[in-house]
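There are 2 protein chains.
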Amino acid sequence: MTLSNEGKKMILALQFVSGYGGEFRSWRLPGASADAYTNMDYQVSIAKKAEEGKFHMIFSADTPALTNDLSNQSPMHQMDPLVSFAAFARETNNIGLVSTVSTTHSYPYNTARTMKTLDVMSGGRIGWNAVSSSMGGVAENFGTRMLPRETRYDMAYEAIEAVQTLWGSFGEGAMVLNKKTGEYADMSKVSYANYNGEYFKTKGPLPIPASPQGQPPIFQAGGGEKGIEMAGKYASGVYANPYTIADAKMHRSALHESAERHGRSGEDIKMLAGFMFTIGDTEEEALERRRQIMDYAPEMETAQRVQYLGMMVNLRISINDININQPLPQELVRQTSPNMMDPRAERVMELIQKGLSVKDILAHGVINYHPVVAGTAVQVADFLEKWFTSGATDGFSIVPDSLHDGVEKFVEQVIPILQERGLFHKDYEGPTLRENMGVPYQYGVR
Amino acid sequence: MTLSNEGKKMILALQFVSGYGGEFRSWRLPGASADAYTNMDYQVSIAKKAEEGKFHMIFSADTPALTNDLSNQSPMHQMDPLVSFAAFARETNNIGLVSTVSTTHSYPYNTARTMKTLDVMSGGRIGWNAVSSSMGGVAENFGTRMLPRETRYDMAYEAIEAVQTLWGSFGEGAMVLNKKTGEYADMSKVSYANYNGEYFKTKGPLPIPASPQGQPPIFQAGGGEKGIEMAGKYASGVYANPYTIADAKMHRSALHESAERHGRSGEDIKMLAGFMFTIGDTEEEALERRRQIMDYAPEMETAQRVQYLGMMVNLRISINDININQPLPQELVRQTSPNMMDPRAERVMELIQKGLSVKDILAHGVINYHPVVAGTAVQVADFLEKWFTSGATDGFSIVPDSLHDGVEKFVEQVIPILQERGLFHKDYEGPTLRENMGVPYQYGVR
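Residue numbers (UniProt numbering), protein chains in the order written: chain A, 1 to 446; chain B, 1 to 446.
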């Protein structure tokens with residue numbers, strides 16, 4: 001399969017995290033809003049800034065549970081992304097709003113209702129990242145134990161179909177609103193959903209009309225055979241976590257193949273690769289900011305990172321044995337080799353070879369969940385260009401270290417470069433998320 | 001038990017219905033917004049108008065199902081009240097926002113999360129009308145059959161306690177946000193909910209801090225012994241449907257007694273009686289509007305109303321046998337007597353005695369769910385004053401026939417009279433719903 005982005009523009013999503021950013025101690029940075037989690041004015045200002053930059057969408061990777069220790073970190077997730085999105089829907093005009101809602105721990109009727117209401121209210125800008133919940137801590141919030149993977153995926157298929165059936169139950173054109181004849185709705189276009197699955201049953205109808213994009217497109221996140229299979233059947237967008245261009249191409253190919261197996265075009269699924277960054281006027285300034293964030297972490301955590309870094313290159317090292325402000329001693333460098341279990345190891349090897357201090361290697365974000373660029377706006381743009389023009393991905397789901405200035409820097413410094421290079425749109429293609437993503441209209445179950 | 005409102009002001013809630021009003025064909029009135037259901041700008045304008053009038057709260061009596069025939073009626077409920085409320089929370093400053101969320105068909109974790117997020121975002125203005133779902137059509141949307149009343153109430157108790165326990169799990173003062181020390185939250189003030197009921201289990205914690213009012217107050221709706229019992233234990237507000245002052249006093253007394261049985265003060269529960277109105281410059285103008293709305297109904301419905309009206313006064317009449325534009329013939333009037341099964345019958349008798357035409361009797365709203373005043377602003381104010389000063393209720397949950405001008409008329413014409421008479425506050429007492437209602441602060445389970 002040939003993957004090409006020739007003549008195309010990249011799609012960009014902004015990961016909202018919990019309002020702070022991808023580095024959970026960035027809330028301590030000078031200028032950061034310590035109360036971003038609860039401050040809706042602040043959150044709306046970020047959404048507006050992203051829209052100013054023509055971001056295609058804001059993405060919320062939600063989990064209905066407390067998933068990290070808040071003693072010194074900001075939360076991984078929003079208080080409730082759909083509540084924030086209602087505010088964003090009112091206070092922005094074009095940007096898409098995509099939230100995770102669990103397929104395991106929500107009733108399809110409630111999911112369908114809230115998402116479609118938001119879709120109507122936003123003029124067709126909502127997307128649903130339909131994700132099965134895979135953490136024991138989540139299950140316990142809903143009074144159950146974690147279900148087997150197989151069951152969770154079966155439930156996810158049913159949840160999506162139940163929700164889409166409800167969405168389609170109030171037919172297009174059913175809203176008449178004719179004051180003269182008195183016809184409010186054409187009930188011949190409204191039908192029961194009568195969805196009758198093994199895990200979910202719902203009768204409907206759901207009395208909410210079509211939005212300008214029909215209904216929210218489905219997104220899928222997380223790899224694995226089952227994830228790719230599900231994406232091929234339902235997804236218009238996929239949040240992927242490749243670490244290299246090669247990984248990304250494999251994932252994208254698999255998505256295209258899966259789409260075709262389900263009678264769709266590969267082009268109808270847009271893959272967005274996770275990507276993190278810190279922008280400085282110079283690379284050194286960006287690194288200094290990341291060193292600062294590292295210094296906010298308790299010592300024990302830095303010690304763990306050093307140990308983990310060693311494992312990535314098959315070294316046993318401890319923070320007590322080395323000076324992290326110095327490059328690794330040559331006798332240790334000679335012993336390094338990339339750990340084949342970790343796709344990030346090659347990047348570590350490269351930075352060791354360059355003679356960076358251990359702290360600076362870590363500051364480059366080599367242990368982060370996504371690829372990281374700590375550098376200038378041009379370096380960030382170069383990275384995105386390289387991935388995009390190689391056909392690795394349809395776009396990116398970007399995670400600034402801290403939203404408070406990271407979004408502004410990206411919008412004001414990186415986006416103009418991407419636009420100049422012809423890689424990013426200069427304005428929204430249309431009013432709906434589907435139009436901006438370039439995916440087909442859909443109403444009801446396909 | 002003595003019920004007195006001496007020295008007190010009445011509490012007013014505006015029932016939002018679905019954006020149209022209590023008469024489901026009022027969407028056809030000249031000037032009405034036919035698209036009120038989906039038009040969020042319009043909905044926000046209504047919320048702002050209610051706030052201008054210092055209404056204590058907007059109330060949404062939700063049911064997660066289509067509950068009426070939309071071929072010529074507007075829907076009984078909003079697309080999703082919590083989505084509208086997120087918009088209202090952003091675009092108003094003082095008015096409370098109380099929504100029904102089912103205790104039967106929502107997971108406590110999801111209910112707790114969404115309601116508390118809204119409460120934080122609104123600065124402490126949210127209330128939860130915790131209602132068990134009693135319709136088969138609702139149950140079928142959630143894949144179950146209707147449960148026995150006993151079970152539903154047991155579930156409601158559990159749902160409220162599970163939600164309140166989750167609310168209290170993130171202790172007051174747990175948010176520290178100290179950039180200098182790096183302490184984000186004081187985790188010693190965060191605890192598991194570990195709620196372990198028969199119907200609902202949830203572990204928590206729910207990582208959302210206290211709002212300025214702690215957490216949303218609980219509301220209860222619907223009478224009956226079980227409803228009053230539940231209200232006594234949990235509710236700060238009750239939506240009641242008395243038709244007469246005597247009924248209202250009985251209900252209010254029962255609520256006070258129930259509160260005391262649960263170790264609370266009767267004053268901590270505020271009863272709001274449902275009340276509908278149509279305001280005209282003259283009574284005739286108001287009646288003419290209600291006749292107009294009646295004329296929007298299909299003929300069969302008017303025929304049914306005439307027949308029903310007859311039953312209320314122990315008469316067998318058909319629309320084919322009488323002229324509805326005339327008073328009842330004297331030989332029929334002589335046969336009338338109030339049907340003891342219907343509290344509204346006395347009012348019908350009174351209007352028959354006055355010699356009103358059958359259509360005008362109906363236009364006075366004698367078959368409506370709540371008492372109706374069709375008349376001038378003074379007549380509306382007089383009604384409210386009479387009920388309030390007699391100690392029948394703490395306030396009213398008012399339902400305009402159509403919100404599009406009904407809210408404005410009430411705010412501009414009725415509220416100034418009530419204020420002049422010392423019956424209604426001239427400004428909000430404080431920023432939170434609890435303060436405005438005069439009910440105590442609460443955090444977690446009582």
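Wrong hints could be hidden among the right ones.
Which copy is meant is left open, so a pair is good if it fits within one copy or across any two.
Stated by the list, open to error - With a straight-line cut-off of 27 Å between C-alpha atoms, the simulated DSS-like cross-links for lysine-lysine are:
no., residue 1, residue 2
1, Lys48, Lys179
2, Lys226, Lys180
3, Lys233, Lys359
4, Lys179, Lys49
No lab work stands behind these hints, which were simulated from the structure alone. Because the structure is a prediction, the values reported are computed rather than measured.
Quick rundown of the hints versus the structure:
1. Taking the shortest alpha-carbon separations for Lys48 and Lys179, only the inter-copy value of 26 Å comes in at or below 27 Å, while the best intra-copy value is 37 Å.
2. Proximity of Lys226 to Lys180 under the C-alpha cut-off of 27 Å is found in neither arrangement, the shortest distances being 53 Å within a copy and 45 Å between copies.
3. Within a single copy, Lys233 and Lys359 get their C-alpha atoms no closer than 44 Å, and across copies no closer than 58 Å, so neither meets the 27 Å cut-off.
4. Taking the closest pair of Cα atoms, Lys179 and Lys49 come within 27 Å of each other only across two copies (25 Å); inside a single copy the shortest separation is 41 Å, beyond that limit.
Hint compliance for this structure: hints 2, 3 are broken, all remaining hints hold.
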